[in-house]
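K.L.:
One-letter residues, chain by chain:
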Amino acid sequence: MKHKEVPLFRVYVWERPVRIYHWINALCILVLCVTGYLIGNPIVLQHGGNDASNHYFFGWIRFIHFATAYLFLFNFLFRIYWGFVGNRYANWKNYFPYSKKHFQNMWDVLTVDVLQIRKKDIETPGHNAVANFMYFITFLAFLFEVITGFGMYSAMSDNWFSDLFRWVIPVFGGDLILRMIHHAVMWVFVVFTIVHVYLVFYHDYVDGSGVLSSMAGGWKFVSKEKFLKKNQEKAAEGK
Amino acid sequence: MDETTSSVWEEMKNKGYSRRDFLKFCAWMGAFIGVESTGISSVVRAMETKKRPAVIWLHLQECTCCSESFIRTSHPIVADIILDNISLDYTETLQAAAGHQAEAALAKSMKDNWGEYILLVEGSVPTGEDGVYCCIGGKTAEMRLKEAAEGAKAVIAWGNCASNGCVQAANPNPTTATPIHKIINGKPLIKVPGCPPIGEVMAGVIVHIMAFGTIPQLDGQGRPLAFYSRRVHDTCYRRPNYDAGLFVEEFDDENARKGYCLYKVGCRGPVTYNACGVTKWNEGTSFPIQSGHGCIGCSEADFWDHGPFYQHLASFPGFGIETTADKIGLGLGVATGVGIAAHAVITNISKKDEINEHIETSSVPDGDREGE
Ligand code: HEM
Ligand code: SF4
Ligand code: SF4
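Chains as they are written, first to last, in the working numbering: chain A, 1 to 239; chain B, 1001 to 1372.
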């Protein structure tokens, strides 16, 4: 028999709350992008012979956008909370490139996986360094959409919660600018999603660690040897 | 100054208005500036007893459309009383005096009412080239404004020029036109933006100050809430069409004839704070949207730079006038797709060994692999 044994560890990377967060977030972003795009470029569903009193089509699109916005925000706040109480892979510290090591890791990923001009083994059970940094950027984009979105919303709602965002319009100098930026940032999400989905497939294919299914079951498969070595390093760092 | 020692009521009596006219005027103005019906009596009392405030109206770098709008306020008494008597201590366009006489009148008015007068400013201040672009009576606009503001009780910025710079400040702003709030500080300042502002709104702001002796409640950008707290869109009579999804797509289509919403042909009502939908223009006759053209956002900062006016969002800055954020976004999306495809191909080449090794070293049940 010609097969070599590769001992794999099954690592529980994404806990259930993280997985639920992920899919609610994905759904929210999809809905917000679609309804947002339609708010910017509405379809004219009816032509001729129609009386406004019978329809509320555009009103519903906006309603869905705003309702989803609330879900999106609270889901996001929950994730921040989980960054403090969740496991090692969910910890908020992963997302800030604060140490020299983090930058070294980012460089590795850039040269090995993105540009592919160097070869090195960089298996990480959680996200890799660049991915973490990208998520940090998307968190900022989330925050930005929430602030600009609720800023605009404060002008059309008497709700106390959106009233908390009254300061936003004066800061940006007008609703038009706010809408422009809010609209433009939508494309950040579109581009992010394309790259994100591709990279999941890429890693599933190249590393064979089961990333693609990890957001469903939570498991990734990592070589036993490397996992133990990483663990030791972590423990050493902790001291 | 004699004129400013009498009240509005005394002035009206002198002009031959009846008590009934006076009360009607107070009720109309009171309703307009947003006091409750029980508060009308305080407006009446103020108009009867309070000495009319001295008013100085400066014209800086502007086109006089604000004055034009003001003298067309629909209530005759507004023009007669407020304009004729109150604001005429000094105003370049409407005063009878000229030259040295006018300058002397201004100096006297400022001196007599130091710390008490209300300063109305129409126009922006060009600060470029030491202010040579606008000099009046041998002084630059900036000098005149600073001098006059010094002794003012409150300052009102008339129109978009004084409030935001307006057309003179539009890119590339050759004269460095500057809104007045960036020149003067330490004084209560009310912005009444619009190009021009609605005459009734202007009168309302003055009446508020006269009646209550205080400046009206302002929003985060310094505009009176009574007139600028709602977007044109919030009071637009075409709004039901917007909510229904009934839009004009071209100015000569069937939907335009039906009076549908103008959002898709560039209406800026959703991003513009003004009273057009309620007060309307020219004695309440109409307003742009009622005449079939979208709002161009004339009461918002930098609206000239947010073109073209026939898109509800401005073009993306730095990419030419036809380029919307969506075009750029779509371009980025496509570029990303191409990048990914290339990356996928390269991966299969450069990571071939690694992938093959994974396949080689995978555990396979005995006898499943061919040739074994
Ligand atoms: C992933 C996040 C989001 C995306 C991609 C997104 C996208 C968009 C887009 C493209 C528009 C159209 C702008 C235009 O062309 O005029 C829009 C409008 C708007 N969005 Fe969002 N949005 C997001 C989150 C939010 C959030 C969290 C809020 C908070 C309430 C919000 C509130 C609004 C409001 C108030 C408008 C203007 C709607 C109107 O005036 O009818 N959005 N959004
Ligand atoms: S015409 Fe303009 S202001 Fe009126 S509902 Fe449509 S978008 Fe709003
Ligand atoms: S409808 Fe808009 S552009 Fe027209 S006058 Fe009113 S605020 Fe200005």
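Accuracy of the hints is not assured; some may be wrong.
[Unchecked claim] Under the rule of at most 27 Å between Cα atoms (straight-line distance), these lysine-lysine pairs were calculated in the DSS-like manner:
#1 B/1050 <-> B/1139
#2 B/1024 <-> B/1108
#3 B/1351 <-> A/229
#4 B/1146 <-> A/229
#5 A/226 <-> B/1352
#6 B/1015 <-> B/1050
#7 B/1351 <-> B/1327
#8 A/100 <-> A/234
#9 B/1264 <-> A/224
#10 A/226 <-> B/1351
#11 B/1024 <-> B/1111
#12 B/1182 <-> B/1050
#13 A/101 <-> A/226
#14 B/1352 <-> B/1327
#15 B/1351 <-> A/224
#16 B/1351 <-> A/230
#17 B/1051 <-> B/1013
#18 B/1187 <-> B/1258
#19 A/119 <-> A/230
#20 B/1015 <-> A/101
#21 A/234 <-> A/101
#22 B/1280 <-> A/119
#23 B/1051 <-> B/1015
#24 B/1051 <-> B/1111
#25 A/234 <-> A/119
#26 A/226 <-> A/93
#27 A/119 <-> B/1146
#28 A/224 <-> A/101
#29 B/1015 <-> A/230
#30 B/1108 <-> B/1015
#31 A/230 <-> A/101
#32 B/1146 <-> B/1182
#33 A/101 <-> A/229
[To be verified] Some, not all, of what chain A presents toward chain B, calculated at C-beta under 8 Å:
#34 59
#35 165
#36 166
It is worth saying that the hints were derived from the structure and are not from the lab.
Just so you know, even glycine gets a beta-carbon here, dropped at the ideal spot from N, CA and C.
K.L.:
Please go over all the hints and tell whether each is borne out by the structure.
P.N.:
Structure-based check of each hint:
Our distance criterion of 27 Å between C-alpha atoms is broken by residue 1050 of chain B and residue 1139 of chain B, whose separation comes to about 34 Å. Under the criterion of a C-alpha separation no larger than 27 Å, the hint pairing residue 1024 of chain B with residue 1108 of chain B is inconsistent with the structure, at around 35 Å. At roughly 24 Å between alpha-carbon atoms, residue 1351 of chain B and residue 229 of chain A fall within 27 Å of each other, so this suggested pair holds. Pair hint residue 1146 of chain B plus residue 229 of chain A does not hold up; C-alpha atoms about 72 Å apart against a cutoff of 27 Å.
Distance check on the hinted pair: residue 226 of chain A and residue 1352 of chain B sit about 21 Å apart at the alpha-carbon level, within 27 Å; holds. Restraint check for residue 1015 of chain B and residue 1050 of chain B: satisfied, since their Cα atoms lie roughly 18 Å apart, inside the 27 Å limit. For the suggested pair residue 1351 of chain B and residue 1327 of chain B, the alpha carbons sit about 35 Å apart, so the restraint of at most 27 Å is broken. Distance restraint check for residue 100 of chain A and residue 234 of chain A: the Cα-Cα separation of roughly 15 Å lies within the 27 Å cut-off, and the hinted pair is therefore satisfied.
Between the alpha carbons of residue 1264 of chain B and residue 224 of chain A the distance comes to roughly 60 Å, so the proposed pair goes past 27 Å and is violated. The suggested pairing of residue 226 of chain A with residue 1351 of chain B holds, with an alpha-carbon distance near 20 Å, which does not exceed 27 Å. For a cut-off of 27 Å, the pair hint linking residue 1024 of chain B to residue 1111 of chain B is broken: about 35 Å separates their Cα positions. Between residue 1182 of chain B and residue 1050 of chain B the CA atoms are separated by roughly 32 Å; this puts the pair beyond 27 Å, and the hint is violated.
With a CA separation close to 18 Å, the supplied pair residue 101 of chain A and residue 226 of chain A stays within the 27 Å bound. Taking the CA atoms of residue 1352 of chain B and residue 1327 of chain B, the gap is near 37 Å; set against the 27 Å cutoff, the hint is violated. A threshold of 27 Å between alpha carbons decides the hint, and for residue 1351 of chain B with residue 224 of chain A the separation of about 22 Å falls inside it, so the pair holds. Restraint check: the Cα-Cα separation between residue 1351 of chain B and residue 230 of chain A comes to about 23 Å, which is no more than 27 Å; the hinted pair holds.
As the CA atoms of residue 1051 of chain B and residue 1013 of chain B are separated by approximately 15 Å, the hinted pair is consistent with the 27 Å bound. Of the supplied pair hints, the one linking residue 1187 of chain B and residue 1258 of chain B is violated, its CA atoms being roughly 49 Å apart against a limit of 27 Å. Restraint check for residue 119 of chain A and residue 230 of chain A: the C-alpha separation of about 19 Å stays at or below 27 Å, so the hint holds. Pair hint residue 1015 of chain B plus residue 101 of chain A does not hold up; C-alpha atoms about 85 Å apart against a cutoff of 27 Å.
At roughly 12 Å between alpha-carbon atoms, residue 234 of chain A and residue 101 of chain A fall within 27 Å of each other, so this suggested pair holds. A distance of roughly 70 Å separates the Cα atoms of residue 1280 of chain B and residue 119 of chain A; the hinted pair therefore is violated under the 27 Å criterion. A distance of roughly 17 Å separates the Cα atoms of residue 1051 of chain B and residue 1015 of chain B; the hinted pair therefore holds under the 27 Å criterion. This hinted pair checks out: residue 1051 of chain B and residue 1111 of chain B have alpha carbons roughly 17 Å apart, not beyond 27 Å.
Our distance criterion of 27 Å between C-alpha atoms is met by residue 234 of chain A and residue 119 of chain A, whose separation comes to about 23 Å. Proposed proximity of residue 226 of chain A and residue 93 of chain A is supported: the alpha carbons are some 22 Å apart, at most 27 Å. Distance check on the hinted pair: residue 119 of chain A and residue 1146 of chain B sit about 68 Å apart at the alpha-carbon level, beyond 27 Å; violated. Between residue 224 of chain A and residue 101 of chain A the CA atoms are separated by roughly 23 Å; this keeps the pair inside 27 Å, and the hint holds.
Between the alpha carbons of residue 1015 of chain B and residue 230 of chain A the distance comes to roughly 94 Å, so the proposed pair goes past 27 Å and is violated. At most 27 Å may separate the alpha-carbon atoms for a hinted pair to count; residue 1108 of chain B and residue 1015 of chain B meet this at roughly 26 Å. A hinted pair counts as satisfied when its Cα atoms are at most 27 Å apart, and residue 230 of chain A with residue 101 of chain A qualifies at roughly 14 Å. The suggested pairing of residue 1146 of chain B with residue 1182 of chain B holds, with an alpha-carbon distance near 11 Å, which does not exceed 27 Å.
Of the pairs offered as hints, the one joining residue 101 of chain A and residue 229 of chain A holds, with about 16 Å between alpha carbons and a cut-off of 27 Å not exceeded. Hint status for residue 59 of chain A relative to chain B: holds, with the closest Cβ pair at about 4 Å, below 8 Å. Hint status for residue 165 of chain A: violated, given a least beta-carbon distance of 11 Å to chain B, over 8 Å. Look at residue 166 of chain A: its Cβ gets to within about 6 Å of chain B, closer than 8 Å, so that hint holds up.
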